[in-house]
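Protein chains in written order, with our numbering: chain A, 2 to 90; chain P, 2 to 102; chain Z, 10 to 171; chain E, 536 to 648; chain S, 344 to 846; chain R, -19 to 915.
Since the hints were derived computationally from the structure, they do not count as laboratory data. Only true hints are included.
Covered, in the sense of this in silico footprint (three residues per stretch, anywhere, with C-beta under 8 Å from a C-beta of chain A), are these stretches of chain P: (1) 18 to 30; (2) 69 to 79.
Cβ-to-Cβ under 8 Å is the rule here; a few derived chain R residues that face chain Z: (3) 780; (4) 781; (5) 782; (6) 784; (7) 785; (8) 786; (9) 815; (10) 827; (11) 828; (12) 873.
Just so it is clear, the structure is predicted and the values come from calculations on it, not from any experiment. Ideal Cβ placement from N, Cα and C applies to all residues, glycine included.
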Amino acid sequence: MLNLAIPLALACIGAALLLNFWRLVRGPGPADRILALDTMYVNTTALLVLLGIHLNRSVYFEAALLIALMGFVGTVALCKYLLRGDIIE
Amino acid sequence: MLDLLISFFLLIGGAFALIGSIGLARLPDLYTRLHGPTKATTLGIGGILIASMLHFGAQDNGPSVHEILITLFLFTTAPISAYLVARAALHLDRQEDGDRL
Amino acid sequence: MNRWLPQPLTSLCLWLLWLLLTESLAPGHLLLGGLLALALPLFTVRFCPDRPRIHRPLLLLPYLAVLLWDITVANLVVARLILGPARRLRPAFIELPLDLGSDLAVVLLTHTVSLTPGTVAAHLSPDRRVLLIHALDVDDSAELVAHIKQRYERPLKEIFAC
Amino acid sequence: MEALAACTVAVLVTCGVYLLLRARTFSVVVGLSLLSYAVNLFLFFTGRLLGKAPPLIGSTAGDEAPLADPLPQALVLTAIVIGFGMTAFVLILALRARGELGSDHVDGKEDEA
Amino acid sequence: MNHWLMMPLLVPLVAAMINLLLGGRRMGCQRLVSLACSVGLLAGSIILMGFAHSGEMYVYRLGDWPAPFAIVLVLDRLSGLLLVTTALLALPCLLQAMDGDDGRGLHFHVLFPIQLLGINGAFLTGDLFNLFVFFEILLIASYSLALHGGGPERVRAGLHYVVLNLIGSALFLLAVGTLYGLTGTLNMADLAGRVAAAPTDQAALLRASGLVLLVVFGLKAGILPLHSWLPALYGSALAPVAALFAVMTKVGVYAMLRAATLLFPPQGPVGGTLAALLPVLALLTLATGAIGALGAQRLRTLIASLVILSVGTLLAGIGQFTASGFSAALYYLPHTTLVTAGLFLLAEPIGGQRGDLEDRLDTGPPVGRPAALGLLFLMGGVAGAGLPPLSGFIGKLLLLRSAPLPDGTWLWGVVLGSSLLTLIALSRAGSRLFWGPVVDTETPTPAGWRPLLPATLLLAASLAMTVAAAPICRYTEATARQLLTPRHYIEAVLNPAPPGGTP
Amino acid sequence: MLLYALVLLPLIGSPLPALTARLAGRTAPVLTAAAISAVALLLALPPLAAAFAGAPMEAYHSWLPQAGLDLGLRMDGLGALFVLLILGIGLLVLLYAHYYLTKEEAVGRFYSFFLVFMGAMVGVVLSDHLLQLLVFWELTSLSSFLLIGFNHQRREARDGAAMALTITGGGGLALLAGFLLLGQIAGTYRISALLDMGDLIRAHPLYTPALVLILLGAFTKSAQFPFHFWLPRAMAAPTPVSAYLHSATMVKAGVFLLARLFPVLAGTEPWFFIVGGIGLLTLLYGAYHALFQHDLKGLLAYSTISHLGLIVLLFGIDTPLAAVAGVFHIINHATFKASLFMAAGIIDHETGTRDMRFINGLWGYMPRTAALAMVAAAAMAGVPLLNGFLSKEMFFAETLHLSALGPARGLVPLAATLAGVFAVAYSARFIHDVFFNGEPKGLPIYPPHEPPRFMRLPVVILVGQCLLVGIVPGLTVAPFLALAAGDMLGTPLPDYSLAIWHGFTTPLAMSLAALIGGLTLYAARQRLFAFHRQRWPSVDALVLFQTALDRLAAMARRLTRLVANGSLQQAIALVLLATILAVYWPLANTPSSITGPVRFSSIDGLTLTGALLMMAAAMLAVYWHRHRFTVLVALSVVGLMVVLAFVRFSAPDLALTQLAVEVVTILLLILALFFLPRRGQSKSQPPRRVFHLLLALAMGTAAGLLTWGVLTRPFDSIAAFFLANSLPGGGGANVVNVILVDFRGFDTLGEITVLAVAALGIQALLDNLCLEAGMVEGIPDRWADERHILVLSLITRLLLPLALLVAIHFFLRGHNAPGGGFIAGLVSAVALILQSMASGIAWTRQQWRAGYRPLIAWGVLITAATGAGSWLFGHPFLTSAFGHVRLPLVGELELATAMLFDLGVALAVFGVVMLILETLGNLNQRCAETRKGGA
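So here's chain A without its partners, still in its complex pose (with noise of 0.2 Å):
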């Protein structure tokens, strides 16, 4: 069972991540491309979670969290600076 929803839940995971590239490719404004980046950012951060269910390893847990930390920061930073240019002000 395992066997089939893994490769098919990383298989969508993967459809996703092409799906949101496509939508940083596009744009059109800059706000598109934070968003896909984003949704890239979420999206990795599921895919690494299936990919220690799929290795039957939890060590890449962290690597996840951090992730979804990371892209959190990096949206802030990004929407930040459409907003006022200096992110630290």
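Using the hints provided, position chains P, Z, E, S and R relative to the given structure of chain A.
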């Protein structure tokens, strides 16, 4: 049985993540696109995290609960990201179209 | 209490979080987590100058339950909208007048709005009186405003007593 | 997989080098970043592409997959950190150059047509 | 194990960090710490050279792990020589900097020891990746030092320097990766063995990695097509910094020498290409330096060209892969380092009193204090152009003698031809700077002996190297022999002597 | 020892005049210098006696065998003769110079240089070692440079000096090569040993190159055609210098060398043709041109050239007798030419000019000087009863026996006579034009009168010698000549007589012909001058030379700019080209394939997706490189995919580090973007872009090939050791971390040092910098007015403790699971930065006041101290220790030094990141204040 449950959550998660991204890809403007990632993707990852909890919890080194942490974290930050993106987009649009609002 | 335990709630949360992180109830970790839970707030308290006062913390639980449920529903709704034909969408910006006295409450409301069906918070007016919401599919904006006020704002008002 | 790895490194290097050869400091910095990604990947790949077991002794899996070569990983880690310092430095230097030379051209001159 | 080996690394590191803790306000204390550090380094380096002079290889196994696995430091005669050269150079540079240049930017007294740390580390380490790390240390410190004081020229030159070296670092990693991917080791002694034993189908890749290393080291050393950053950088950096940088190119040369003798000896599958290429590059670089010197319009550019020229000369010696060639290069190395540094220091007081002319080589009013400055410049020029009786001549003599005709025809031609060009360039420069119509306007003349002391010390070293040529040559000859028998190095690193065998 | 003293005395004594000048004015320096010279002369007497006794004094010490450098001095007859000339004439010139130099001139310096030159010259003639000779040789070039340029206010002095140095110095280099070759051939550099090896050397295939190189040296020094042109220009030197260097000593160094090496090198066809030919050419050329000089010293200079040519020709003729004549002429020329120079100097001194067109009729003003000069000039012309006549006649005689030339043998005597004609003519001009020929015209100093008596004294002495030698050669010069010539040839001397009268011989006829022809020529000088002006357009050698040098310098500049033109792009392209060659060349030149024997592993979809995304994002970054903001986003994607790759191939630690670093980098880039100009960038020219693209492709392919080559080969690494020893030896299950803090902890110490220095460097770079905030195109002009976003700041404050908790978690588990000091430091730094982003840096700084620089310093120090701690236990640096402690309640606890090490790392990394961001963040703030203050 457990496998079934895990698989279910995995598939739910994967599907929602995909749906969120589909929304991001095909919806017409930024504000509508925002909805996909903020909601569907969040749930998607939630599903996968539950699956992970079940999967690792079932193994012999005790319950696996730290996935909750990611969930919590994502649920705290995703709305802010969305808010900021929308805020930025509004700001940019206003520049272009004058004060629409 | 105040000197050495400035934020008891935060400390408690941190302790729990530490246990979550390490996934261990070993005495060593209980102790270490406790120490950290005590020590960290001493340092971070400076970063929270205006400590939010939660009047009735217990009410948070039902609120969170409602929220969780709504999130699940939200996803199903959004999924339907996304997968359906894009033409049928009726997106709109809606202004939600706010009636909350606490900053934390306002923030929680924006979170809630963003996580629940078909709405995303987009802009909070500088005076914190109006929240601009973007909705994916709106029939009647007034009804949506009323729904949000009734379902989320009211409990928040109670919790924070403002 | 080997071909894919080689291809990835090649593309990253190509892109990085092309950007390096642009005339604006920012492009150069981005090019350097790409180049360092490529080099880090390359260095990492020299430990061969083992996808099963991170070099953690006694990690959860019961299967006996060979542990990945930890040495390149340690090297890449060092390289990443050093690369970070260098990128930061050259970036700020680009700012300084803009301040001192009044331009973000790498040679400090204004555009020559 | 001989813990002295850590001294050239830890002393500057601790000194730098103490200076960092002292902060920007207490310049006096910082100077004292730096001075103590430099003096200590000098003393320690001399002691280390004394150890090395016994002919024994001192291997320091960091972390007490067996050799090919963890990092080792290795002290042989070559490292000893270079350590002493660096320390000898550092002290006058520091003294000069303490004349006020150190306050023209932040953190000079942190950067300066770190620069020494990087250089010393590069000379001592026996591990290829660790060499990379030390390269980075010395580079990052050099970036900041080169930019110390600011100003458009400096920033432009610095930017080019930094970017090129970042590319160099990437290429270094590329080469290290290839070597590791093929041989599975990083210890240079171990690498040497594995490269020699590599299957033939790996030869091409190994050769490629060797050549990429050559490019990397060549970039640091400033050999022919890779030298374009050098004149601008050395021409614009503050005098004590430019003087200190005289040894930076030698780090590249050192690395080439190490690689060419240990990793890729000419009889091996890889080294043949290297051995064929090196002499050609050397002569081209030599010619480039000489041509650059002739074409220089500023004194400091001229001296920078001399740096390029010296690199070419060094490689011309090394490229022969004979004891006499190595020995010539190794005698020439400290000489050229100290003399070019001295000239850089001298350029400062000369350029400083010429007003808008600065150090441009146009005829202007002669500089003040012609006796002292002129004498020093004459010494520097004589040594730099390789005229008798100073050490440059001995170095050149050793080099020419190491390549007897008719095989050495090219070398003789290029070396002598560039000597002529250098002679012309230096005599033109000297006569334009020191000789000219006397103008009544008052030129600001530096007073006292203090500002000239560092330059005097450095140039006096040339004199000392002449007087002490015989013992120095004995040392360099022994060094050359040691380099030509890498077996000893490999054995010392990989097969530790039985306990009690090493002090 | 005596010999060493003889050489070293003037050299070591050379600073004394300069020093005494400072103390005791004008007379002290000359007295010092004269005293030194006199003592040296005295010192020369015992060896002279030894030389006469046939047992030359010598001293030889081995010094630097590696360089072939030994110390060797030997004073045989030839050397002795020259020493006497150098010291004797030197003393006279010193006396003369004392009166010649004016008060204003830096006399001390002059005498110092003079002594250096004297010492060097003595060194040249006494050296018994080729290379040592060369050392002194170059020293004479250098000191003559300083002496010629003594009056450096005058342009011609500067230029003349530089030209002399260039020519003679260049010749010296050729000489060096020649000597080295000679040494290589003979196996020794010792001259006295070489002298016996003539046959061996002449038979060697390298003989000719060695000969040519040595001759180059000799000819440049002795101003032989075509290297003669520096000598007339060197006349810009003060006249004592000319009298000393350009008559008696330095220019004689070249002919001395020919004489010294005569037994070694002479006797072959190349010697005969080159030396003889050049000598003959120079003889004629100099004689002809001397006639047309208007400058007194110019005339003398060309005459010197001509006479040197004569001597060279004599040596070239290659018979023992010719050699004797050559040596004889060396002596004679030194005496009469030195005195002539001195006379010219006196005239210059007394009239203020040296132009013969103005100086006329001085006989009436300074008859004594005139008489002396006339005698000397007559000697120069070869008038009987004077020394010049004797050697010249020997010369004429020698030209008659040139069998080697075959049918052309008659030409040489003819040419010699012709040269004699011109010599007489210019000597006549010197006498007639200067001392008679009407009245002086427009002299700067008028009326001229006799110089001080002692200024004339040296001239008197020298002219007296001319007379003495000319009249009673047998009593005066004969023994010296015999000794010198004998030691030069190394063989018994042929019979010759120094008598004035040999009967009516062909040489006498030639002398007479020269005398008569010369006088006739001088009488017809008007027409001749006109002819000369037409045929020899006034080409100034100096101008030519300088133009040539300037051209050369300009060409050098162009060549230099060809490679280093100040363009970074070109520099990068060169580095890349070199690398591309370095990779492709070996790969192309190998028969074996790049692909190795290892079987390929299969690709899975996920990896493919990731790789595709990475590549696509990288290409996007290139495509968009003008839209900087978008580039940032693309770069983030690449970084993210790199993280995924690390995860995919089992490197969790790497993934964590890369992630954290990635975000901080992006933050930095964004911060920097704010300050970069928004102006749209112009594209570079299409051909250049194509070139860059090709370069990039080639480089990329090279990297790809390397990857491919490496990955398809079997692998046997030292990794097994780490995997096996990590837990038992390093006490950690996370092997990567154990490598970082233990096996290769030294790398880590280095890398945090790099980070620390980078941060400090950045701080230094941003010091005093103020930038206009720029904006990027496509982004609005106006920023949003909301400084801090409530929603964000509130939540981030809540997140801070959580993030710190996570950081501590990473830190504590690092040794056994992915994590460690780096990541902990980076995560906590990011957490704090998040506060800055949400609430502003000023606010954050208020809450958190710790200094970052001490943090960095302590971090590095802790790390280093941990390493050094192992010394206490007698272990090498960085030896780790760990142990398990059982605590009540808590359970087992692992304590490892690695932990402390990692703590240092974490502190340093945290400090570094914060310092960088804070400095950068403050930039805008500070600038805003500056701008406000300025406005």
